[in-house]
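As a plain string of letters, each chain reads:
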Amino acid sequence: MRAPRAGLRPARPPRGSRTETALASRIEAAWAALDAVPDPEVPAVSVRDLGIVRDVLEHGDGIEVVLTPTYSGCPATEVIADSVRQALVDAGLGPVTVTQRLAPAWTTDWISAEGRARLLAYGIAPPGGAAAVMPGAPAAIRIRPPGVACPRCGSGQTERLSAFGSTACKALHRCLACREPFEYFKPI
Amino acid sequence: MAPPTALLSLPAGAGTSSITLQLTPPLRYVLRIADTCLIHAQRLAEWCGHGPVLEEDIALTNMALDLLGQARSLLSHAGRLEGQGHDEDQLAFLRDERDYLNLTLVEQPMRRSSAHAPGGDFADTVLRNFLLATWLKTLWTRLAASSDEALAAIAGKAVKEARYHQQHAGDWVLRLGDGTEESAARLRAALDRAWPYTHEMFRRDAVDAAAEAAGLGPGRDALREAWLAEVAAVLAAAKLVLPADTPFLSTGTLGRHSEHMGFILAEMQSLQRQYPGGRW
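In order, the protein sequences belong to chains A and B.
So the first sequence is numbered by our numbering: it starts at 85 and just counts up by one.
So the second sequence is numbered by our numbering: it starts at 115 and just counts up by one.
Bound-form chain B, shown alone:
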């Protein structure tokens, strides 16, 4: 297929080859957040034109846009931290799977008709969005005091957006959980599916310890108490019981992803790989 040259301008010298980063602990810390926002945005955006009602179609894509904006700011910042001249687009589109450090939860299929995946239910979207918005709100609140001024500034803006997302998702958890027998059963099933992946949100490792020591941001383990308090309150109001903990621990933040990640990246990256450096 000939490239649509009228739409895309291609700078000379751009290549399709992947970039590899020199991953220091602070860079890993920032990329874990950036990639979580990026992949969550990509999944939410799959609802564009498919929302169960028009209002929700608009809501899900609006939230995706906020998350994408947050990811852009963080990826640009990660590029500056690395100091090798990589920009947000290169970081978003030219890394290989193992260099993405998002939570595994965000890469799980959201829509029943997601390509190459059995997919879930609208209840999965509602619930995941609620769990993540609460996690991100807790994280942004703490990051607003980061010793890294740029990161603190990004967080100060993002926390307002996350708060609105959490309210919106919380409304839906309540509606479905305390709705009909059918909606409650489906939300319960979604909660059981998502819960094992939440352990990774609070799994402390050397990257967290380094970030905490440098004042860059909180260790993930420090977010659990505030997160659980808010999540438990909303789930209780929705007449849902917290699932029992399981030993499963996902490893997306270490670069080891589920089988779904490759398909997301294939879709996300195909344009930049086919038309290197192409701009709208």
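For reference, chain A alone in the conformation it holds in the complex:
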């Protein structure tokens, strides 16, 4: 499995005694299982790649997974909680509880490098690096948003067709070079 990344994963529990090692591996097994849970609306990436798994905790026999929703009204939120629960039960880690944590709010900055690469390979332009979280930014009007590189041919000559797309998290763009439409994962 991949190593935990700074800022995304909770610190591993200290190793040493036999019990602590067992606990670490159980939590690691849970993280590994989460690697295989796809986002229901963007199945190219896992829920872990998306950065919506905030924590995995062990309570006695059970495992608690803490998720953060992407958008307030994202209809996938409940499906994701169910898939996560099922994946961990299937991995023999149950009983599993899934809880929600709102703060700090999810940002596309939490999508992992692997997740961005998978989005790109899937034909979705990944979100810009630093999310559009600029407190006090007055930009209320942005008829022509900055160009987004085409995920197919790499050209920067693209334009936005629609600010909103097939899911809450995406906008629709098109490439003026290769003429292909593509989706853009909006930075928030």
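If you are wondering where the hints come from, they were derived from the structure by calculation, not from laboratory data.
Only a predicted model underlies this, so the values are computations on that prediction, with no experimental measurement involved.
Hints should not be assumed to be uniformly reliable.
[Unchecked claim] Facing chain B, a subset of chain A residues (Cβ under 10 Å, in silico):
{"#": "1", "residue": "Tyr155"}
{"#": "2", "residue": "Ser156"}
{"#": "3", "residue": "Cys158"}
{"#": "4", "residue": "Thr161"}
{"#": "5", "residue": "Leu186"}
{"#": "6", "residue": "Ala187"}
{"#": "7", "residue": "Leu245"}
{"#": "8", "residue": "Ala247"}
{"#": "9", "residue": "Gly249"}
{"#": "10", "residue": "Thr251"}
{"#": "11", "residue": "Lys270"}
[What the hints assert, rightly or not] If you anchor each label on the Cβ, the simulated ranges turn out as follows:
{"#": "12", "chain 1": "A", "residue 1": "Pro265", "chain 2": "B", "residue 2": "Phe377", "range": "31 to 41 Å"}
{"#": "13", "chain 1": "B", "residue 1": "Met382", "chain 2": "A", "residue 2": "Arg185", "range": "23 to 33 Å"}
{"#": "14", "chain 1": "A", "residue 1": "Ala261", "chain 2": "B", "residue 2": "Leu368", "range": "52 to 62 Å"}
{"#": "15", "chain 1": "B", "residue 1": "Asp292", "chain 2": "A", "residue 2": "Leu245", "range": "13 to 23 Å"}
{"#": "16", "chain 1": "B", "residue 1": "Asp203", "chain 2": "A", "residue 2": "Arg185", "range": "17 to 27 Å"}
{"#": "17", "chain 1": "B", "residue 1": "Asp292", "chain 2": "A", "residue 2": "Pro265", "range": "25 to 35 Å"}
{"#": "18", "chain 1": "A", "residue 1": "Leu141", "chain 2": "B", "residue 2": "Asp306", "range": "49 to 59 Å"}
{"#": "19", "chain 1": "A", "residue 1": "Ala175", "chain 2": "B", "residue 2": "Ala351", "range": "28 to 38 Å"}
[Unchecked claim] Here are a few chain A residues that sit away from chain B, every Cβ distance over 10 Å (derived from the structure):
{"#": "20", "residue": "Trp115"}
{"#": "21", "residue": "Ala116"}
{"#": "22", "residue": "Asp119"}
{"#": "23", "residue": "Pro127"}
{"#": "24", "residue": "Val150"}
{"#": "25", "residue": "Gln170"}
{"#": "26", "residue": "Ala175"}
{"#": "27", "residue": "Leu177"}
{"#": "28", "residue": "Thr183"}
{"#": "29", "residue": "Ser196"}
{"#": "30", "residue": "Tyr206"}
{"#": "31", "residue": "Gly231"}
{"#": "32", "residue": "Cys237"}
{"#": "33", "residue": "Arg258"}
{"#": "34", "residue": "Ala261"}
For every residue, glycine included, the Cβ atom is placed at its ideal position computed from N, Cα and C.
Since chain A is already given, all that's left is putting chain B on it; use the hints.
Relative to chain A, chain B alone:
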């Protein structure tokens, strides 16, 4: 008509009777925001399948979905604040008209073909969405520092969504206001219709004073300066002049609504009233 039992499961003991809340000032404060999001979402969703262009159909319903999500979080929180075990569904569907505390502006008809209403123009939708997204963005920004941690968390997420809504609506204000003679005239008319209702967005009362004293959130009057600065800048770019203020003051946040509210609630609540506790 027989209930579609294959689609709906009905828990035993559920009733259709209305719930009544014990409204404390903090609960009123949260419900004013929750209900504004809820009813605004309901109006935007009326565009589903009727947008002037496909992209806008998708945009309006996407924004409705964000607002509905915000309303759900706030209503769940209001239920916890009340402490009587009411959940988001009961709060959304089983209150009577006078217990809804949304701004009157959001209940005004949006579409020309809205049932039971003469309705407006796409320009009304664009303009109202812009005025409200700017108001909500200003409010969420301040609420992110609320002494109520749950409210602060909801606001921290919602502010990102409101910012995107404001940009989108601002684009349209600019397009229509600085567009053709026809689009500019219709946007001006929409602005004149909406403007009198904006006073309620900044009308301070005892609920605001209590919220401010407790650190729960800003009084509505404190939002006006930031709101007006952003609204005026976009309207100026769209070559629109701010309308003159009028003495009219709407009272939805006090539970006294316009004639349109009952029709919205009838549509929103009919399923839960006919099939109590029904779930998809």
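We went through each hint and held it up to the structure:
Taking 10 Å as the C-beta cut-off, the interface hint given for A:Tyr155 holds, the closest approach to chain B being about 6 Å. Interface hint status for A:Ser156: upheld, as the beta-carbon distance to the closest one in chain B is roughly 3 Å, under 10 Å. A hinted interface residue such as A:Cys158 counts as satisfied when its beta carbon comes closer than 10 Å to some beta carbon of chain B; here the least separation is about 7 Å, so the hint holds. Interface hint status for A:Thr161: upheld, as the beta-carbon distance to the closest one in chain B is roughly 8 Å, under 10 Å.
At about 4 Å, the closest approach between the beta carbon of A:Leu186 and any beta carbon in chain B falls short of 10 Å, and the interface hint on this residue holds. A hinted interface residue such as A:Ala187 counts as satisfied when its beta carbon comes closer than 10 Å to some beta carbon of chain B; here the least separation is about 4 Å, so the hint holds. Taken as an interface hint, A:Leu245 checks out: its beta carbon lies about 7 Å from the nearest beta carbon of chain B, inside 10 Å. Here the hint on A:Ala247 is kept, as its CB sits about 5 Å from the closest CB of chain B, short of 10 Å.
At its closest, the beta carbon of A:Gly249 sits 7 Å from a beta carbon of chain B; the interface hint therefore holds under the 10 Å criterion. Below 10 Å, beta-carbon pairs count as interface contacts, and A:Thr251 has one with chain B at about 9 Å; its hint therefore holds. The beta carbon of A:Lys270 is positioned within 10 Å of a beta carbon in chain B (closest approach about 7 Å), and the interface hint is therefore held. Roughly 40 Å separates the CB atoms of A:Pro265 and B:Phe377, a value that falls within the hinted 31 to 41 Å.
Between B:Met382 and A:Arg185, the C-beta spacing of about 30 Å keeps the proposed range 23 to 33 Å intact. Between A:Ala261 and B:Leu368 the Cβ separation comes to about 57 Å, which falls inside the hinted range of 52 to 62 Å. Between B:Asp292 and A:Leu245 the CB atoms are about 21 Å apart, so this pair conforms to the stated range of 13 to 23 Å. Look at B:Asp203 against A:Arg185: about 22 Å separates their beta carbons, and that is inside 17 to 27 Å.
Under the hint 25 to 35 Å, the C-beta atoms of B:Asp292 and A:Pro265, about 28 Å apart, fit the expected range. Restraint check, A:Leu141 to B:Asp306: a C-beta distance of roughly 56 Å satisfies the suggested window 49 to 59 Å. Between A:Ala175 and B:Ala351 the CB atoms are about 55 Å apart, so this pair departs from the stated range of 28 to 38 Å. The Cβ of A:Trp115 lies farther than 10 Å from every Cβ of chain B, with a closest approach of about 24 Å, so its non-interface assignment holds.
Distance check on A:Ala116: its Cβ is at least 29 Å (rounded) from any Cβ of chain B, clearing the 10 Å threshold; non-interface status holds. Listed as outside the interface, A:Asp119 is consistent with that label: its C-beta sits roughly 25 Å from the nearest C-beta of chain B, beyond the 10 Å cut-off. Annotated as non-interface, A:Pro127 keeps its C-beta farther than 10 Å from every C-beta of chain B; the closest such distance is 20 Å. Consistency note on A:Val150: stated as away from chain B, and its beta-carbon is indeed over 10 Å from all of that chain's, at 13 Å minimum.
Look at A:Gln170: its CB is around 20 Å from the nearest CB on chain B, clear of 10 Å, so calling it non-interface holds up. With a closest Cβ-Cβ approach of about 29 Å to chain B, A:Ala175 is found to remain outside the 10 Å limit, as its non-interface label requires. Distance check on A:Leu177: its Cβ is at least 28 Å (rounded) from any Cβ of chain B, clearing the 10 Å threshold; non-interface status holds. The Cβ of A:Thr183 sits about 13 Å from the closest Cβ of chain B, beyond the 10 Å cut-off, so the non-interface label holds.
Every Cβ of chain B is farther than 10 Å from the Cβ of A:Ser196; the closest lies at roughly 20 Å, confirming the non-interface assignment. With a closest Cβ-Cβ approach of about 21 Å to chain B, A:Tyr206 is found to remain outside the 10 Å limit, as its non-interface label requires. Distance check for A:Gly231 against chain B: the nearest CB is about 17 Å away, which clears 10 Å, and the non-interface claim stands. The Cβ of A:Cys237 sits about 24 Å from the closest Cβ of chain B, beyond the 10 Å cut-off, so the non-interface label holds.
Distance to chain B confirms A:Arg258 as a non-interface residue, since its nearest Cβ pair spans about 12 Å, more than 10 Å. Interface exclusion of A:Ala261 from chain B stands, the closest Cβ pair being 22 Å apart, more than 10 Å.
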